Amino acid sequence: MVFTNDDVGVKRLLLWIAAVSSIAAAFLLLMPDGMTRETPADGRVHLRYWTIIGMKEIIPYFATSFSTVQDRIVVDTTPIPWQEHEKKILTSIVSGNPPDVVNQITPVPKWAARRALVPLDDYIRRDRLDTTMFFPSLWEEMRYRNKIYGIPVYSGSYALFYNRALFRQAGLDPDRPPQSWEEIFALNRRLVRRNERGQILTMGFIPNYGNVQTFMLMAWQRGAQFLAPDGMHVQVADSTVVGALQWIERFYSEYRQQDVAAFLGGMGFADQHGFIAGKVAMMILDSSFPDQIRLYKPSLDYGVAMVPTFPGLPSASVSGSWWLGIPRGAKHPDEAWEFIKHAVSKESQLLEIERTEESLFPANRYAAEDPRFMNTPAREIFVRMMDFSHSPSVVPLAHDVFWREITGAQERVIHGLQTPAVALQQAQKQIQAILDEAQDYDNFVQMHADNP
Amino acid sequence: MLGFVFASPWIIGFLVFGLYPMVMSFYFSMCRYDVLRIPQFIGLGNYDTLLLRDPYFWTAVGNTLYYTFVRTPLCIAGSLFLAILINRATTGARIYRTVFFLPSIITGVVVSVLWLWLLNPQYGLINSTLQLIGIEGPLWLQSPEWSKPSLVLMSLWSIGGGRMIVFLAALQSVPPHLYEVVELDGGGAWQKFRHVTLPMISPVLFLWVVLEVIFSLQVFTEAYVMTKGGPLNSTLFYNLYLYYKAFDDFDMGYASALAWLLLLFSVLVTFVQFRLGKRWVYYEADPRG
Amino acid sequence: MNRRRGRWSSVVLYAVLTVFGLLFLIPFVWILSTSLKGNEQIFTIPPEWIPSRFRWENYAEVFRRMPVLLYLKNSVIVTVLQMIGIVGSSSLVAYAFAILRWPGRNMLFGVLLATMMLPMQVTMIPVFVLFKQFGWLDTFKPLVVPAFLGGGAFNIFLLRQFFLGIPREIADAARIDGCSEFRIYWNIMIPLAKPALATVAIMTFMFSWNDFLGPLIYLSEKEKSTLALGLSMFVGQQTNEWALLMASSLLMLIPMIAIFFFFQKYIIQGFTMTGIKG
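Residue numbers (our numbering), protein chains in the order written: chain A, 1 to 452; chain B, 453 to 741; chain C, 742 to 1019.
Bound-form chain A, shown alone (with noise of 0.2 angstroms):
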């Protein structure tokens, strides 16, 4: 073999190189480039409409039917996935190329706080939309410091749903579902039905199994204010709240937590969800389950029923919106809004119930209370624990904290390691101090930006 000298061999390796990094400038050249590219010249506006995939049906019945109403705006609907979804909005705002409209679930506050969203309080306004069609607790939903940031297109409402075959093997009246707390609890104790190694095979009630924290609907029902009024001060550690975990200790203390917890490992998915493989005699579930009843298990005798509270309370429930919302700076806010305008009236939101598989509940108030929609005993129920709603977004600086320190003050308490009071001060005081961090900083903003 020829060995050439050094000097040649730097020679060839820059030219190795050059004609790798020009191979792959061909390449990249050869790629479409995305910041060229233009809105077809048909003169009409396209509106770019980001919906998070949590629903089947890719493109929502009211994105096709706008065009059959107006023909100036096009909606190009792109799915974004649920996972990692707030990573791809927040980047588009950031990159300050967002979508013209977005569908989300996670709070409006958490993003409007942020000045991620458009306030819509002049297009109301402007087009005297009647906000009283909404559900109040979802209306509610959309508001930050008094300007509203979103619009509630569907939400979920909860419910107790009760197994009455198991009422009836228990020798219970299946026509009588429990109305307070006091009666879950005694017929807990009649539901129960344990192996002969004293493994629980069923159970009536269980707190802190399903989507509900039922102790947060309590503490609701308690007329806890989580929040002072001057929205700076957490009341987490109230005695209405700490009245409400003591029922979930009260449920532990005559349930061991590991049989509760090899019980639960037990269940799964769909028919091996709990309440309908009939384990779970008694369960808070949403709006969307009579749909999974239906395709998992249609022989289940089922019913119903209003949420339970405590003597002479109103009951309690909570609803999570989704929304639709204008990103900042988007290129089109006037025309997005004529959508959502569209996709949050009655007739649209009936239509797309009507023609679609997933179990959407309107928060227009009128679609719900249309005889097309409360067509069911299940759903009139459903439609008037929406009354009843609160919501989800307690503490918007801190809304997420807020939300992981509820729950492990829970835990806390079911594994026994503390008592309600002691978890709950806990929890306060690690809200407290984020959101006094937010606060802080949200003053900083307010002096050093250009407020608009």
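None of these hints come from the bench; they were simulated from the model.
Keep in mind that a hint or two might mislead.
To be verified - Facing chain A, a subset of chain B residues (Cβ under 10 angstroms, in silico): (1) TYR508; (2) PHE509; (3) ASN572.
Claimed, not checked - Pairwise CB distance ranges, derived in the manner of DEER restraints: (4) C/ARG806 x B/LEU503: 45 to 51 angstroms; (5) B/GLU736 x C/GLY876: 44 to 50 angstroms; (6) B/GLU597 x C/LEU810: 45 to 51 angstroms; (7) B/LYS730 x C/PRO908: 17 to 23 angstroms; (8) C/ILE767 x B/MET453: 52 to 58 angstroms; (9) A/ARG194 x B/TYR479: 56 to 62 angstroms; (10) B/LEU630 x C/LEU811: 49 to 55 angstroms; (11) A/ALA228 x B/LEU584: 53 to 59 angstroms; (12) C/ILE767 x B/GLU736: 37 to 43 angstroms; (13) A/GLY416 x B/ALA541: 51 to 57 angstroms; (14) A/LEU351 x B/PHE493: 49 to 55 angstroms.
Everything numeric in this text was worked out from a predicted model, so none of it was measured.
We treat Cβ as the ideally placed atom computed from N, Cα and C, and that holds for glycine.
Place chains B and C on chain A using the hints.
Relative to the frame of chain A, chains B and C by itself:
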């Protein structure tokens, strides 16, 4: 100087894509910053809160160290063991290699669904099998004591095959004549492993000890998808906590401070490893040159 | 060695290998079986390993729901470019760090390792801003260009360790013969490092093929989506479309298995082929 030319792709890449983000994240670590609004400089405020007033910081540190120190040796020993086994197989080696490799190419949600199903305390394959031999299996992910071991088990199973490939490549590079020398001296399998295999693959072994520690310290996905840090914060790993801060709470400043503390710790550990490495790693080409 | 003992040890060897093999085969079988089920069959207890009815239409449904061939094309472009870029540039850089002597080498190597230790969660936004400034959003450039510039600390470190395992006399002998450094790199080191390069190629493929976050934040147009990103559309908030998720996952696995099958021969033949030259 030729070194600069050879290293130039990385140096250019680092200057263009790497330096700015690192500098920015360091700056943000001294700010309150939520990405969407302007940063507020607060000096060492974030570090102060982290080290002195944040109980979750120390929980996360503890969990992460546990995970790192349990997983790293098991992962390296396990995958090396597999590699040695498969290196001795003659027939069907190709099939075995591919089968071992399979779990490491399955990622994301699919893995977590699979493991939620395998680890189901009542019906899961693992506890059902244990029951056959009369053992009452634990609650796995639902139990604060077993949640971390569950995640270690899952990680070993899903990356063992991928690591095995690397060790296999190293084993294949050991010159066969070295084994013959040991055989002539009357050495058995253990002597061969101890005096030939181990020193010859020590650079690769060292590489993986260093990398495995760095990766374990950044463990995130499994806990994020499967346990969300629970139960009782037993799987609240450092990077999971960082993620919650950065993307749930939009507190990028705090998250950056967390990140830089992790970087500092990783640098320290790696430095010590390189120092210790000088004692046990055998390089054919002396890196000091 | 005693022949009988040899036979017994090989029986034990294959028994152990088979046990591990079965253990490692479970996920694959599970994915295959789930991909052929209806939603109501997936979580039955005890599990149905062989579905009572094979629903091949799940695969047709995947093709109906997403433009598989278009996404496949995009995935292939991104993955192949990344492989070329990473294998090429990281081996060059690793050679500099392992074999060459130059001022600041150790310090820069430290910096290189440090880039691996900073969680990407906090650098993601600044990196994104950078690519936005370059006008690279909605193109493959953010995914591909960095591959040509070093290819990442992990790969460089991996190859450096392999280069360090190659006897120094080989390079020295070539140098005495007047061979240039580039020649030594290209004609001697690269062939010797084939197993390591194959390892890097396989790992790059795996990472790039499965990468979800990169395409998610850099690509907004549906037409530019990759398979990994497309697959994520079957994952919902609480309810996933299990069967379709598994069917599409399986489709994604096939190229990876093929790539592995192809590259593993380089890993195995490593020394026996090239060692003689040393």
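In rising order, the numbers of the hints this structure does not comply with: Violated hint: only 2; rest satisfied.
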